Every structure is written in structure tokens, then in C-alpha cells.
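> Below are the chains, spelled out letter by letter.
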Amino acid sequence: MKILVVGCGAVGSLFAANLATLDDVEVWAYDLAQQHVDAINRDGLRLTGAGEVTGRPHATSDAAELPACDFGIVATKAMHTGAAIAATAHAFANGCVATVQNGIGNEEVLATHVERVIRGTTFPAGKITAPGVVQWDVKGDTTLGPFEPKPAPAEEIERLADACSRAGMPTAAVADARGPQWRKVIFNAATNPLGALTGLTHGRVCERPDLRRLASTLVDEGKAVAAAQGIVLDADPEELIDYAARPEVAYGHKASMLQDVEARRQTEVDFLNGGIAGFGQRLGVPTPAHESIWALVKGVEAAWQQ
Amino acid sequence: MRRVCVAGAGVIGSLFAAHLSRVAEVSALTRREEHARALRERGLRVTGRADFLARIEAATSPRELPEPDLVIVACKGTDLESAAERLEGHWPDSIVMTVQNGIGAGDVIARHGAWRLLTSVTFMSGTRHADTHVEYVLDTATWIGPARGTTPDDARRVAELIVSSGLQAEAFDDLRPAQWSKLIFNATVNTVAALTGLPHDAHFAALAEPSDLGFLVRGLIDEGKAVAAAAGVPLREDPWEMNVLATKRGSAHYPSMLEDVEAHRRTEIDSITGALVREAHRLGVPVPLHETMERLIKAKEASWHIGVGSTEPTK
Chain A
1374 MKILVVGCGA VGSLFAANLA TLDDVEVWAY DLAQQHVDAI NRDGLRLTGA GEVTGRPHAT
1434 SDAAELPACD FGIVATKAMH TGAAIAATAH AFANGCVATV QNGIGNEEVL ATHVERVIRG
1494 TTFPAGKITA PGVVQWDVKG DTTLGPFEPK PAPAEEIERL ADACSRAGMP TAAVADARGP
1554 QWRKVIFNAA TNPLGALTGL THGRVCERPD LRRLASTLVD EGKAVAAAQG IVLDADPEEL
1614 IDYAARPEVA YGHKASMLQD VEARRQTEVD FLNGGIAGFG QRLGVPTPAH ESIWALVKGV
1674 EAAWQQ
Chain B
52 MRRVCVAGAG VIGSLFAAHL SRVAEVSALT RREEHARALR ERGLRVTGRA DFLARIEAAT
112 SPRELPEPDL VIVACKGTDL ESAAERLEGH WPDSIVMTVQ NGIGAGDVIA RHGAWRLLTS
172 VTFMSGTRHA DTHVEYVLDT ATWIGPARGT TPDDARRVAE LIVSSGLQAE AFDDLRPAQW
232 SKLIFNATVN TVAALTGLPH DAHFAALAEP SDLGFLVRGL IDEGKAVAAA AGVPLREDPW
292 EMNVLATKRG SAHYPSMLED VEAHRRTEID SITGALVREA HRLGVPVPLH ETMERLIKAK
352 EASWHIGVGS TEPTK
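Heads up: the protein sequence lines correspond to chains A and B, in order.
Here the first sequence is numbered in our numbering, starting from 1374 and rising by one per residue.
Here the second sequence is numbered in our numbering, starting from 52 and rising by one per residue.
Looking at chain B on its own, in the form it has when it is part of the complex (with noise of 0.2 Å):
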């Protein structure tokens, strides 16, 4: 694979297409216009578990890029579609990849396309500085497994261009065991932590008082593990056990839901819960635990653009 196109420099995209140029012939595919143009001009700059700067092609149509053996759709599950668009009738002999959280990226991307497609899921972490700068955060692996029109060949050679790019990857005759325990734990651990304001504590395997958190969070997880095993899917790890052992862990870490939640951004609620919601309706399994938190989020996300009610009956 000589050349990849990382489409949506954010965090993600940004910190594949740095390490991946040291390795290949590398653009980004943006949004903004003055995002690609800084690209361009100014390169990319990646601070904190590495430190260099990065020369990359960007521009804001596929027509103004070379053609990439390896497509890397990297923006937010909220702008899947859009991203989708953009690549529509573009490339057809590329591989492209979706790193979204929760399930059904792919079938999104197929819809505008009939490219071969990877499936994979990060653990890596990072922050946006400017446009031009990431920091690299946490070097944790990125997960990747074959999809429609590919094979698990298909997805070692996209993992080793990425361990030889300097990022952690590692790739899965089948991704889908690993994917699903981290979609219920996503959709679980976001959801309440949104709802509730608290950060992923103790308070999320607490079972001691009638209403303490852990019965919801267990009750969320339970109805996921059922959609999961009606959809044939082995679970890679049990989410109940990731989440206890995460709230071991000496600092709580904040999900990104909440983040999104306490900056009045729209959430991605309707690829992570949204998604589990309908596996769970097209496989005829009740998950009213899973509808009720996906009600309320939405509910809220709606709030922020009604503006205030008054204190007093209106009369």
C-alpha cells in the first residue's frame, strides 16, 4: 500500500494521517476549505508520545487528490454521511476503512459506494490543539477486521502499515467479538455518564443501595449481551467486567459523551446506542432500557437549541 487518504482530520484522523506519511504517500480529505489550505501550508504537527511535523497533501474534494490504495474514514459518526457523500463515485478500487465508535459505519459508507471495506475500532487518544496540531496522547492499539469484500490477509497488511507508521494496531480474523463488547460498554458507560454528569467512578458498579447506579448499568449491559448473542456474535470480553475494572482505575475517565454533553455538542448517540437499538429491533430483542436512555440524550441534545423555559406556569 503506497498511498492512504484519511478522510476527517480530527483527532483520529489526524494522528493516522501524521505517523501513516512517514510511511506512504498521505492526504486528508476535509471539511473546510482554510482546514485543508493550513494542511497545505503548514503541515501537520503531532506533539506529546511523538513529536515531528508532517508533510501531507488536503484538499476538500477526492478530484483534487491522487487516488489511495487505503481510504481511512475518520470523522465523527455524526459526519459519516457527509464524508460518505464526498467519497461517492470516487475511487472504486480502494479499500476504505471506518474507525467510527458503536456498529454500522461500513453499512453507511455502503451505501454511497461499492468499495471494499475494513471495519476497526481505536483505543488511541489524543487532543486537538489547532488545526495543524495534534498531541498524542494515549498509544493504545487500533483493531482491525475484514468487511464486505475483504479478507483477513486484507486487514493484517492494513495493521502492519500502521505498526510500521509508529501507531499500535493489530488485526482480527473477525472483529465483530471485540466491536459489540465495546459498543455495549460505549452505549452504557456514555449514556449514564451524560445523564448523570459522572465521570466513569465507582458510583457505576455500585449495587449496595436500591437505587444505586450499578443495577442500570448492569441492566443496560444485560440487554446488550442479549442483542449481541441474538445477533450470533461472541462477546471478546464481558462489558460488565470492563466496566468494574475500569472504575478500579486510580483516575475516572471522562467519556467523551459527557464532554460532548457539557459543551451542548450534538452527541453520538445515534451510532452508538442508536446502532444497538436497532440491531436490537431488527433481531426482535426488548432493549426499553437502551430506547429510554437514546430518548432522554436526544431529548436533551434538543433542549440546548429551545432555549429556556420559564419558572412559572404560563398563563
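One chain only, chain A, in its complex shape (with noise of 0.2 Å):
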């Protein structure tokens, strides 16, 4: 079996050196930071922390050296999908594609380059320390099922499945996998920003009982835009915030969007609060909040380029 990696930043290395454990998986890493690819076609990828493991997937920046693949796992960051998966789709003639990104709308745009769409998402996370190296930092689980627009078989989803699960990344084969992934986009949606526009910390945020109570409305409107799609959440991502928030979590964790607003690097929050905005706007579902939100952070963006 074959897979190919799309995107080999932090998320995508951690299923890329798991998978390259497998005797009877070839895994192919495609992105586009060339001295780690160089770095994992000499050395290997490395991974350390949460686990050891060091994989030797055949990466590469040229999509055209990419072999036909039975398996895509996308893990760009969201605003890199369309151009990742233009320049990959070929790959995939036969082949089935998940993302693992963050946000809602990927699977949207992977469906307009590929036939047969796999919905996912994952929790576990990590950092690229050196090219060649991640530092995996939470283990968690990554849960797959069919984009019912464009809807990969079942087994075919299940066989992917098995093989993460026996590298090592908890996999689970669903008929529906929009319960955890709106779990994770509410959870996102309705902390990361607030990181990002205060420069605080997830369990800071937390401990602000204003603050913390901005995130409950996050969550609210958020909820209220899935169950209007019929979606039944698999968890109260309220119990996601407090649970992150403890000490021996995330309290000192900056969210992603908050390291991303430091560096002034574009953010993904059209995926996160725009998404859920979107979705609500589509569904006549009111995310008041979220479109603030968003806006804000846009804004944030806008002031960069000045």
C-alpha cells in the first residue's frame, strides 16, 4: 500500500515517520520546505518527545516524482489546500484522500480535485524543531469517515484506519466523522482567537471569567450551527477547554494562531470562525460572535500589510 503524505509540517511528519514503520506501507512525503526534505531523505524523520520514532519516507518537493498512491493524508495548513492538492491530485487517480487540517471547508476543496474524499481529524500535535526533526508533543486520536458528498468506501477508509492504528497513531473508522471534527473546530474556534487577540495563554485565558465566558457563546453559536446540520457532537468541547486548561495540560500552551500572530503569519481562522460563520450564514443559523471574531483577526492580518 501507498500513501503520500501532503504536507510534512509537524502534524503530517507525525503520520509520515509512523507510517514508514510499516513493513507493508510506502510512504511518500510531499512539501515544500526543500532542506527538510532534504534533511528526511538523508537522516530520516525523526520524531521525539511523546514518542521515538524515526521513519524513512521518500519526501520530495517535485509533484511530478510522486507514484500513484492508494492513500492521501492532507495536512497542509488550511489555506494551502487548494494549491497542495492541484499540484498532488494526480497521485490520487485511484486513490482515496483525507485530511487531518484544522478548521471545515477542506474536505470542500479536496472534493473539487479529487473522486473519493475521506473526512478527518486529528488531535495529536507537535513543532518542527530542525529540518528533519518534530518534536511530537500530544498524542490523541484521529477519527476517519466518508465526505458524503464524495464519500471513500468504507473499507477502504477502515484499511487506512488499520494502518495508522498499528503505526502507532490511534485511528477509528466511522460512518460519520462530523461529530469529533466539529468538536475540534468549536474548541478551536472558540479559544485559539482569543489567544491570538490578547496574547494570553489558553489556561490564562481560561482563568478570566469574562473571557472564559466569551468562549461559552463561541461554543454556543458553534453548537447551534452543527445541530442545525443534524450533527451530534461526539463530546462537550466545553469539557475540552476546561480539560486543556490544567497545569499538566495546555495552560501555558500559546494556540497556534497566537504563535502564528507573533511571527505575523496568515492565520487560519477563515477555516475556524469563518467556517463556522459561513456554515451558520448557509443554515440561517446567527454566529454573531464568531463574525466579530473574525474580523478581528483579519483585521490583525490587514495591519501587517501596512
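It should be emphasised that the hints constitute simulated quantities derived from the structure, not laboratory data.
Being a predicted model, the structure only gives us computed values, none of them experimental.
Okay, derived cross-link-like pairs now, DSBU-like style, lysine-lysine, Cα gap no bigger than 35 Å in a straight line:
hint : chain 1 : residue 1 : chain 2 : residue 2
1    : B       : 351       : A       : 1450
2    : B       : 349       : A       : 1450
3    : B       : 351       : A       : 1500
4    : A       : 1596      : B       : 351
Incomplete in silico selection of chain B near chain A, CB under 10 Å:
hint : residue
5    : 243
6    : 339
7    : 354
Ideal Cβ positions, reconstructed from N, Cα and C, are used throughout, including at glycine.
Taking the hints as your guide, dock the two standalone chains into a single complex.
Here it is as C-alpha cells:
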């Protein structure tokens, strides 16, 4: 079985390195960062921290080198999905493509380029510390399911989930993956931008009662948009927010959006608050808080152009 | 009116004190002793639109100053409480005029004494170069209206005094329509600028894309208008039109709250957005967007004192 990881940042690297330890899987990694690609091909892809793993995927920044693959795992930042899948779609003429990205709206973009799409959500996290080296910060589960308008066959989704699980990335294949996806997107959209706009870590956001209430307002709007689609959340995002605020979990963690803002990198807000607001508008569910937060973060990005 | 005391000698206070010294006996009530001493010893230099050296009295306690006919409280909103405490128990026959942004400054003063009060809003601006040197930049007006225990005539007399000193001023029978227009405008533009880092430019009026800031700006203004309507105050100008007009000027204005945030200084959020939100709660008008802005600004202020977090989960 051939699996292509599209976008070999922190999360993509966790999948690529672990999957590459399996004898029956040939792993390819497509990424535009040439130094990272060269280091992977020279020394392998090394994970440290929550797990010590070195895998040897075939890495390339040239999509023309890619073979036909059975599966894709797309792990780019959400705003790069379109360009990444446009470049690699030829490898998936007979394959299925999963997204493990943040936010909502990624499956729709994939479906404009490939025929069999897998909806996915993943909780593991880490960061690249050097070319070819990734610190694995948080272990966690992955859920895969069909993207309803252009679904991958259930047995194929199970085959990919099985490979990920055997590789040390616990993954469940389910009939409806929207619940876990919306739980995560609501969690991210309710907390990441509050950190990004105020400069506070996750725990600091949560210990200010007024900000914590604002997070709950954002959660409630997100839940209403999910409910309007008939989505049953697999757990309450509020629990995840409080769990993550614990000192031993992510109290002092700067949300990725805050890290993006501090580095003046474009954020994923269009796919988080913007995604929820967009679905809300189509469904007739008001999301004034998400719209406000979305506009403020876009304003922050606009200020860098001045 | 023969004697004026200016409480708080920042930019606005210094501009008032220096100009008024040409037509009245002026003293300055300052927070810092070295500031008072510098004013006594070196006077107060004005440059820019005017160029002169003013001689004024200065002290940190009203006890050391002659009783004035008029006190102009010109400190920032964040220092208002301590300025009022300093005045407490003194000068019962004086008229006290506030010039702070927002609304509610008079209420703070009123808790500390039974003075007759005037309310005002000022559009003049300057730059402070030193304790004893202020540059007069924008010669726009100060608007004055009656408040507790005063009449439109009192407002007119003070406006005339200020105009005779070389500054611009105008008296209103009821200042609230102008004050509320400015409050809604300020609560909106200052907080959006402070949270995004944008000066007051075309983004604030953009309504093309769903994520454009114009929708948030309009939403904030609409909430403010609903509060003003519930308070029975007709607005003098439409804050949305003020916003659109301001974004069409050649150079974008840098709102003071944005400057405060960039300098990691405490902002005037309590006396601007906070005042609007308190009025809204009193009147039972929902203002979720202003509450959101207030929470975010206060949290941003708090972040400066906590220090940085890590980029890693603490394990």
C-alpha cells in the first residue's frame, strides 16, 4: 500500500514517520520546504518527545516524482489546501484522500480535485524543531469517515485507519466523522483567537471569567450551527476547553493562532471562525460572535500589510 | 471668572493652563511634586500653533493653591478617581468642569463633593514634549454644556473665557447629543484599532466580504445607538457617517487606544466602552459586541503584566 502525506509539517510528519515504520506501507511525503525534504531523505524523519520514532519516507518537493498512491493524508495549513491538492491530485487517480487539517471546508476543496474524500480530525500535535526533526508534544486520537458528497468506500477508510493504528497513531473509522470534527473546530474557534487577540496562553484565557464566558458564547453558536446540520458532537467542547486549561495539559500553551500572529503569519481563522460563520449563514443560524472575532483577526492580518 | 485651576497637566491640561494664564490667574494641580516644582520654576512653554511662555502657580495639594472660580479636571480617565480624591473637601464654591473622553466623568467627581459641575468634550490635541513644554497641534474646539447645578449661562461664560484665551470653544444648552455621538464613535473606533493594530483607515468602512471590519464597526455603532435611544438622547451626528467620513481623509488617524496598546499603557477602556456598557446594563439594552471588545482589551492589558507563556504544553 502506498500512502502520500501532503504537507509534511508537524502533524504531517507524525503520520509520515510512524507510517514509514510499517513493512507493508510505502510512505511518500510531499512538502515545499526543501531543507526539510533533503534532511528526511538523508537522515530519515525523526520524532522526539511523546514518542521516539525514526521513519524513512520518500520525501520530495517535486510533485512530478510522485507515484500513484492508494491514500493521501493532507496535513497542510488550511489556506494551502487548494494549491497542495492541485499539485498532487494526479497521484490519487485511483486513491482516496483524507484530511487531518484544522477547521472546516477542507474536504470541499479536496473534492474539487479528487473523487474519493475522507473526512478526518486529529488531535496529536507537535512542532518542527529542525529540518527532519519534529517534537511530538501531544498524543491523541484520529477519526476518519466518508465525506458525504464524494465519499471514499467504507472498507478503504478502514484500511487506512488500520494502517495508522498499527503505526502507533490510534485511528477510528466511523460512519459519520462530523461529530469529532465539529467538536474540535468549535474548541479551536472558541479559544485560539482569544489567545491570538489578547496574547494570553490557553490557561490564562480560561481563568479570566469574562473571557471564559466569551469562549462559551462562541461554543454555543458553534453548537447551534452543528445542530442545524444534524451533527451530534461526540463530546462537549466545553469539557475539552476546561481539560486543556489544566496545568499538566496546556495551561501555558500558546495557541497556534497566537504563534502565527506573533510571527506575522497568515492564520487559519477563515477555516475556524470563518468556517462556522459561513455554515451559519447558509443555514440561517446567527453567529455574531464568530463574525466579530473573524473580522478582528482578519484586521490583525491586514495591519501587517501597512 | 478670575481664577482657574487645571487639575492634571498632561497635553490637554497644559494647553488650557497656558492659554488661560493670559486672561486669568491660573494654577495647576499636579500628581507629581517634581512636575509642580518644574512648572513653578520654569513656567509652561507652548509651541506649535502658538508660541509663548506661561507663568503659572503649581502644587500637588489644593491647600497650597488659591481658591479658584473654575476647576478644569483634565487628567486622563484612568486618573480621574485619584484627581477627585485630591479635590475632596476643598473649594466648595468652585465650578468643576470635566473634559475626559466618554461619559460618566462627572459622576465620578460628584461622588467626592457637592461642587457645581460642567461637562465638556474636547477635540483639540497636542504633543507633550516635557513637563514644561507642550506643542499645540489641532486647534479644534472644546464643547461645553451644563451638568449638576449649572445653567447654559455658566457653560457660555466658561466658553467665552476659553475663547478669549486663544483656544476654540462652544457652549451647548445640552451637550449629551454631541457627547454620545463622540462616545459611540470612540468606543467603536478605539477598540477595533487597538485590537487589530489598524489605524482608522478604509478597513473600518469596508463591507464587501463577510469578514470585512465594516460589519463589526456598524454592529458596534448600532448597539451604541440603541443605548442612546434608550437613554432618550438624540445624537448630534450619526457615528457611522463620522466613521465613513474619517476613513476618507488623506492620512489615517492613530486612535489613542491603539497608541496605548502599542506602548503597553493602561487604556481608557473603562471610561469609554466601560461607560457605554454600564449605561446599557442600567437601561437593559443588550450590547454583546461592546462587551466582547471590553473583555478583549482588558485581557490584552492583563497580558502585559503576566509575562510570556511558553509555546509548549507544560508537562
